[in-house]
Amino acid sequence: MQRLLLALLIAIWPLAATATASPVPNLDFTAITGEALPLSAWRGRPVLVVNTASRCGFTRQYQDMQALHDRYAARGLVVLAVPSDDFRQELASDAEVEAFCRIELGVEVPLTRITPVTGQDAHPFYRWLREAHGHIPSWNFNKALIGPDGQLLGFWGSRTRPTSRPITRAIEAALGS
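For what it's worth, numbering that gives the first Met the number 0 labels the leading residue of the sequence shown as 0, then goes sequentially.
For the record, the hints were derived by calculation from the structure and aren't laboratory data.
Each hint should be verified, as a subset may be incorrect.
[Stated by the list, open to error] Computed beta-carbon distance windows for the label pairs: (1) P115 to P37: 27 to 33 Å; (2) S92 to D27: 18 to 24 Å; (3) G43 to A66: 22 to 28 Å; (4) E130 to G156: 17 to 23 Å.
The model shown is predicted, which means the values in this text are computed figures rather than measured ones.
Each residue gets a CB set at the ideal place from its N, CA and C atoms; glycine is no exception.
Could you put the whole structure together from the sequences, leaning on the hints where they help?
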(Lines of atoms letter the chains of each structure in order from A and count residues from 1; the text may use other names and numbers.)
(Lines give C-alpha, C1' and ligand atoms only; values in the text may rest on other atoms or scores of the structure.)
Protein backbone atom coordinates (compact mmCIF):
# COMPACT_ATOMS: atom_id res chain seq x y z
CA MET A 1 0.00 0.00 0.00
CA GLN A 2 2.83 2.40 0.85
CA ARG A 3 4.55 1.63 -2.46
CA LEU A 4 1.35 2.33 -4.37
CA LEU A 5 0.91 5.63 -2.56
CA LEU A 6 4.55 6.56 -3.20
CA ALA A 7 4.22 5.67 -6.90
CA LEU A 8 1.08 7.80 -7.15
CA LEU A 9 2.79 10.76 -5.49
CA ILE A 10 5.77 10.48 -7.82
CA ALA A 11 3.44 10.32 -10.83
CA ILE A 12 1.40 13.43 -9.90
CA TRP A 13 4.21 15.51 -8.35
CA PRO A 14 5.19 17.22 -11.64
CA LEU A 15 1.54 18.13 -12.27
CA ALA A 16 1.19 19.67 -8.82
CA ALA A 17 4.44 21.62 -9.20
CA THR A 18 3.37 22.93 -12.61
CA ALA A 19 -0.04 24.03 -11.31
CA THR A 20 1.46 26.09 -8.50
CA ALA A 21 3.97 27.78 -10.84
CA SER A 22 1.31 29.25 -13.12
CA PRO A 23 1.77 33.04 -13.33
CA VAL A 24 -1.26 35.29 -13.45
CA PRO A 25 -2.37 35.67 -17.08
CA ASN A 26 -2.46 39.03 -18.80
CA LEU A 27 -5.97 40.24 -18.12
CA ASP A 28 -7.81 43.42 -17.29
CA PHE A 29 -10.02 44.54 -14.50
CA THR A 30 -12.30 47.51 -15.15
CA ALA A 31 -11.72 50.56 -12.97
CA ILE A 32 -14.68 51.88 -11.05
CA THR A 33 -14.57 54.89 -13.38
CA GLY A 34 -14.73 52.68 -16.50
CA GLU A 35 -11.19 52.50 -17.89
CA ALA A 36 -9.18 49.31 -18.17
CA LEU A 37 -6.88 48.27 -15.33
CA PRO A 38 -4.53 45.77 -16.97
CA LEU A 39 -2.55 43.65 -14.53
CA SER A 40 0.25 43.69 -17.12
CA ALA A 41 0.73 47.43 -16.41
CA TRP A 42 1.94 46.41 -12.95
CA ARG A 43 4.26 43.60 -14.08
CA GLY A 44 7.50 43.93 -12.14
CA ARG A 45 5.65 45.18 -9.07
CA PRO A 46 3.90 43.25 -6.30
CA VAL A 47 0.10 43.59 -6.35
CA LEU A 48 -2.17 42.85 -3.38
CA VAL A 49 -5.65 42.08 -4.73
CA VAL A 50 -8.46 42.24 -2.16
CA ASN A 51 -12.12 41.40 -2.77
CA THR A 52 -14.03 44.02 -0.78
CA ALA A 53 -17.53 45.01 0.30
CA SER A 54 -18.83 48.25 1.75
CA ARG A 55 -21.31 46.77 4.23
CA CYS A 56 -19.20 44.01 5.74
CA GLY A 57 -17.88 43.60 9.25
CA PHE A 58 -14.39 43.62 7.72
CA THR A 59 -14.89 46.93 5.87
CA ARG A 60 -12.52 48.59 8.36
CA GLN A 61 -9.76 46.74 6.49
CA TYR A 62 -9.99 49.44 3.81
CA GLN A 63 -7.99 51.62 6.26
CA ASP A 64 -5.33 48.89 6.45
CA MET A 65 -5.25 48.69 2.67
CA GLN A 66 -4.73 52.45 2.52
CA ALA A 67 -1.99 52.18 5.17
CA LEU A 68 -0.18 49.60 3.00
CA HIS A 69 -0.55 51.92 0.01
CA ASP A 70 0.84 54.85 2.01
CA ARG A 71 3.74 52.79 3.34
CA TYR A 72 4.79 50.86 0.21
CA ALA A 73 3.42 52.50 -2.96
CA ALA A 74 6.55 54.61 -3.48
CA ARG A 75 8.56 51.36 -3.45
CA GLY A 76 6.26 49.72 -6.02
CA LEU A 77 3.38 47.99 -4.22
CA VAL A 78 -0.06 48.20 -5.82
CA VAL A 79 -3.09 47.55 -3.61
CA LEU A 80 -6.16 46.78 -5.72
CA ALA A 81 -9.65 46.77 -4.21
CA VAL A 82 -12.17 44.57 -6.03
CA PRO A 83 -15.66 45.39 -4.73
CA SER A 84 -17.96 42.39 -5.03
CA ASP A 85 -21.55 41.64 -4.14
CA ASP A 86 -21.05 37.87 -4.15
CA PHE A 87 -21.72 37.78 -0.41
CA ARG A 88 -24.58 40.32 -0.58
CA GLN A 89 -22.82 43.10 1.32
CA GLU A 90 -21.96 45.62 -1.40
CA LEU A 91 -23.68 48.89 -2.18
CA ALA A 92 -26.04 49.00 -5.17
CA SER A 93 -23.86 50.81 -7.72
CA ASP A 94 -20.29 51.61 -8.67
CA ALA A 95 -20.98 55.30 -8.01
CA GLU A 96 -22.09 54.54 -4.45
CA VAL A 97 -19.03 52.35 -3.85
CA GLU A 98 -16.71 55.02 -5.21
CA ALA A 99 -18.29 57.75 -3.06
CA PHE A 100 -18.16 55.53 0.03
CA CYS A 101 -14.51 54.58 -0.50
CA ARG A 102 -13.15 57.90 -1.72
CA ILE A 103 -15.21 60.40 0.29
CA GLU A 104 -16.25 58.59 3.47
CA LEU A 105 -13.15 56.44 3.93
CA GLY A 106 -10.51 58.47 2.09
CA VAL A 107 -9.26 55.41 0.20
CA GLU A 108 -6.91 56.21 -2.69
CA VAL A 109 -6.07 52.68 -3.87
CA PRO A 110 -7.28 51.62 -7.32
CA LEU A 111 -10.87 50.37 -7.25
CA THR A 112 -12.53 48.12 -9.79
CA ARG A 113 -16.17 48.05 -10.74
CA ILE A 114 -18.36 45.70 -8.71
CA THR A 115 -16.99 42.34 -9.84
CA PRO A 116 -17.98 38.69 -9.30
CA VAL A 117 -15.25 36.73 -7.51
CA THR A 118 -16.89 33.31 -7.12
CA GLY A 119 -18.86 30.87 -9.24
CA GLN A 120 -19.29 30.66 -13.01
CA ASP A 121 -19.30 34.44 -13.45
CA ALA A 122 -16.10 34.99 -11.47
CA HIS A 123 -13.64 37.43 -12.99
CA PRO A 124 -10.81 35.66 -14.88
CA PHE A 125 -8.34 36.60 -12.11
CA TYR A 126 -10.44 34.74 -9.56
CA ARG A 127 -10.91 31.81 -11.95
CA TRP A 128 -7.11 31.66 -12.25
CA LEU A 129 -6.78 31.69 -8.44
CA ARG A 130 -9.26 28.81 -8.25
CA GLU A 131 -7.97 26.72 -11.15
CA ALA A 132 -4.22 27.23 -10.79
CA HIS A 133 -3.98 27.52 -7.00
CA GLY A 134 -7.17 26.18 -5.44
CA HIS A 135 -8.11 29.48 -3.78
CA ILE A 136 -11.70 30.70 -3.78
CA PRO A 137 -12.76 33.69 -1.69
CA SER A 138 -14.95 32.34 1.08
CA TRP A 139 -16.03 35.82 2.16
CA ASN A 140 -15.16 39.47 1.62
CA PHE A 141 -11.62 40.77 2.17
CA ASN A 142 -9.64 37.75 1.01
CA LYS A 143 -6.18 38.85 -0.06
CA ALA A 144 -3.97 37.52 -2.87
CA LEU A 145 -0.41 38.81 -3.21
CA ILE A 146 1.00 38.56 -6.72
CA GLY A 147 4.76 38.87 -7.05
CA PRO A 148 6.63 41.04 -9.53
CA ASP A 149 6.96 37.98 -11.81
CA GLY A 150 3.21 37.27 -11.76
CA GLN A 151 3.43 34.34 -9.34
CA LEU A 152 1.03 33.98 -6.43
CA LEU A 153 3.04 34.66 -3.27
CA GLY A 154 0.28 34.22 -0.72
CA PHE A 155 -3.43 34.06 -0.08
CA TRP A 156 -5.06 35.12 3.18
CA GLY A 157 -8.64 35.05 4.41
CA SER A 158 -10.90 37.74 5.79
CA ARG A 159 -9.64 37.55 9.35
CA THR A 160 -6.05 38.33 8.36
CA ARG A 161 -5.67 42.09 8.30
CA PRO A 162 -3.76 43.57 5.35
CA THR A 163 -1.23 45.08 7.77
CA SER A 164 -0.64 41.78 9.58
CA ARG A 165 2.91 40.53 9.93
CA PRO A 166 2.54 37.59 7.47
CA ILE A 167 1.34 39.94 4.73
CA THR A 168 3.83 42.75 5.38
CA ARG A 169 6.70 40.23 5.49
CA ALA A 170 5.62 38.83 2.11
CA ILE A 171 5.28 42.35 0.67
CA GLU A 172 8.71 43.38 1.96
CA ALA A 173 10.25 40.23 0.50
CA ALA A 174 8.58 40.93 -2.85
CA LEU A 175 9.89 44.51 -2.75
CA GLY A 176 13.38 43.19 -2.07
CA SER A 177 13.86 44.63 1.39
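* To do: Could you work out which earlier hints the structure fails to respect and list their numbers in ascending sequence?
  => 1
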